[in-house]
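Starting from the known structure of chain A, fit chain B onto it as the hints suggest.
Here are the chains, one letter per residue:
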Amino acid sequence: MTRLSPEPHEAALDHLITRVALHDRSAFDTLYMQTSGKLFAVAMRITKDRAEAEDVLQEAFIRVWQRAQSFRPGQARAISWLIAITRNLAIDRLRARVAPSAPIELAERVPDGQPTPEAAAATSEKRAQIETCLDELEERRADAVKSAYLEGYSYQDLADRYDTPINTIRTWLRRSLIHLRDCLEQSVL
Amino acid sequence: MRQTPNTPDEEDALAAEFVVGVLPRAERPLVERRIFRDTAFADRVARWEVRLAGLNEDYGHLVPPMGVKARIDRRLFGAPRSTRAGWGWIAGAATAVAMGVFVLIWQDATVTGSDLRAALDGDTITFAVNIDRNRDLLNVTPASDAVPDGSVYQIWLVPDGMAPVSLGLVTADGQLPIGTELAAGDTLAVSIEPAGGSPIGAPTGPIIAIGVLEDV
Numbered sequence: 001m002t003r004l005s006p007e008p009h010e011a012a013l014d015h016l017i018t019r020v021a022l023h024d025r026s027a028f029d030t031l032y033m034q035t036s037g038k039l040f041a042v043a044m045r046i047t048k049d050r051a052e053a054e055d056v057l058q059e060a061f062i063r064v065w066q067r068a069q070s071f072r073p074g075q076a077r078a079i080s081w082l083i084a085i086t087r088n089l090a091i092d093r094l095r096a097r098v099a100p101s102a103p104i105e106l107a108e109r110v111p112d113g114q115p116t117p118e119a120a121a122a123t124s125e126k127r128a129q130i131e132t133c134l135d136e137l138e139e140r141r142a143d144a145v146k147s148a149y150l151e152g153y154s155y156q157d158l159a160d161r162y163d164t165p166i167n168t169i170r171t172w173l174r175r176s177l178i179h180l181r182d183c184l185e186q187s188v189l
Numbered sequence: 001m002r003q004t005p006n007t008p009d010e011e012d013a014l015a016a017e018f019v020v021g022v023l024p025r026a027e028r029p030l031v032e033r034r035i036f037r038d039t040a041f042a043d044r045v046a047r048w049e050v051r052l053a054g055l056n057e058d059y060g061h062l063v064p065p066m067g068v069k070a071r072i073d074r075r076l077f078g079a080p081r082s083t084r085a086g087w088g089w090i091a092g093a094a095t096a097v098a099m100g101v102f103v104l105i106w107q108d109a110t111v112t113g114s115d116l117r118a119a120l121d122g123d124t125i126t127f128a129v130n131i132d133r134n135r136d137l138l139n140v141t142p143a144s145d146a147v148p149d150g151s152v153y154q155i156w157l158v159p160d161g162m163a164p165v166s167l168g169l170v171t172a173d174g175q176l177p178i179g180t181e182l183a184a185g186d187t188l189a190v191s192i193e194p195a196g197g198s199p200i201g202a203p204t205g206p207i208i209a210i211g212v213l214e215d216v
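Quick mapping for you: the protein sequence lines, in order, are chains A and B.
Here the first sequence is numbered in this note's numbering, starting from 1 and rising by one per residue.
Here the second sequence is numbered in this note's numbering, starting from 1 and rising by one per residue.
Check the hints yourself; a few may be wrong.
Quick look at which bits of chain B chain A covers, simulated, 3 or more residues with Cβ under 8 Å [as the list claims (entries may be wrong)]: (1) 8 to 22; (2) 66 to 77; (3) 131 to 139; (4) 172 to 183; (5) 189 to 200.
Reference excerpt, derived from the structure (chain A facing chain B, CB under 10 Å, subset only) [as the list claims (entries may be wrong)]: (6) 32; (7) 71; (8) 94; (9) 152; (10) 156; (11) 162; (12) 164; (13) 165; (14) 170.
Note that these hints are calculated values from the structure, not bench results.
Where is the CB? At the ideal position from N, CA and C, for every residue including glycine.
The shape of chain B in the complex, shown without the other chains:
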């Protein structure tokens, strides 16, 4: 590989060469390693992926042969495709129970007497959500308050087939006024965002927990 480029244009040209895919075999892993350890460079690569995405339309569609999905499932899960819906949720709930947090929160949720509730499960955290009878206050409690430094939890309504709608930031007292109509069956999610919340009105950080509102 040539010397580490310095000017922004040289950096951008290298990112573009990687995205377009023209680099020789020996250079691609070097650039890949840079993407991993250099976030500024990774951003350049991501911007090129967006810039050139218009060309993706030229690829068309081609139905893959039967059997590929079964092979994927065997590799990932050791068994052909399961028909059990929501397997992940059962596993998530089991994990939460194992952590001892789920049951505690659930009990806490029932004693407040709110008329909607949800347990938002993730791999590492669970949020209990309660909504009062008048639907004007949302109460959200994380199972741990270990939010990363300089970040906040932001809670979202995720309507089917539409962009997520922010419901606000999870504050210390856990109370949020509700400006959106919410009902049983609605999906809520929590993402990690920079202080002050997502600057673009859509989640920018990882979604760490998700769950569905239900009637108490």
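This is chain A alone, in the form it adopts within the complex:
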């Protein structure tokens, strides 16, 4: 398998991860080939630093090799599982920085890749569902949820950004997330 498609087939990824769980090195190579572009984009968007993003990508694949056995194909999409590992590493690294992060407005914009049209079509339903539910929230709360998830903002970053006390931010973000959950569960039914 040498496909370089940006959105590899989900079941094919499940299959690769189960092979990686049994320490099949060629499956590991293929998994890297198929998913490193997505995971590096995640790491860059959160760390906004090329060297750190490379370190995060490296740690993520080491963790995948070591923990592939904990992947449950029936419970999570393979790509979500891989992205969750990468996001956690990137966010931990961000929080561990001694110096405060660059002002959000000045942060380097990472160019989005060009997803293929078929990839965009295949994925838009889940994305649209979340957008519908975010639309039910007050605009800046929806914006806070989305930007915190995508950019890895902390409560402190959000407090600075919205010029609001951190405890207030925390209270309304938690409420917003519960509302989002209820909306998403409803739309599944």
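Only chain B this time, still in chain A's reference frame:
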């Protein structure tokens, strides 16, 4: 960290805060430890990862620089990327031979005279699979019958690029009627599932062994 939350909504809000990533540095390791020791809470976290996964599309793609993969391989294997395909299988087979089970099972497989067979290898267990000439009965023998309490072994056909198809549960007599077409070259795998088998038609437990059918 605030007091341990109690209500389901508070639990869910904490899980969501972790997944979204907003928690301060001091709180993240505490939540991580909870994920490790509290499966109910870990499930909440996993559900949030699924719920918010739609946003992952916004990340796009960015090709990493050359050299990162070589660094990963050096860290894991002490050498740059090997081009030898199937290294893991050779290692798995070597382990099985070292355990003395592989050879025994293989001999057992040949004397039955079936026309398809596979050795499904894992880190800790090997299954011998035989399929009779008429392809209507699959015979599967684990190298040990130490299935965890309250669990069963479930055997799957894993077609390339498609979701696994259940072939059934590994029973005491090891015989399964075949409802699916099987041929040499097909990949089979075994997972650990709750009693009665996977409730969702796809593996929910860990895949513990995998192998390819071949003509005898």
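* To do: Could you work out which earlier hints the structure fails to respect and list their numbers in ascending sequence?
  => 3, 4, 11, 12 and 13
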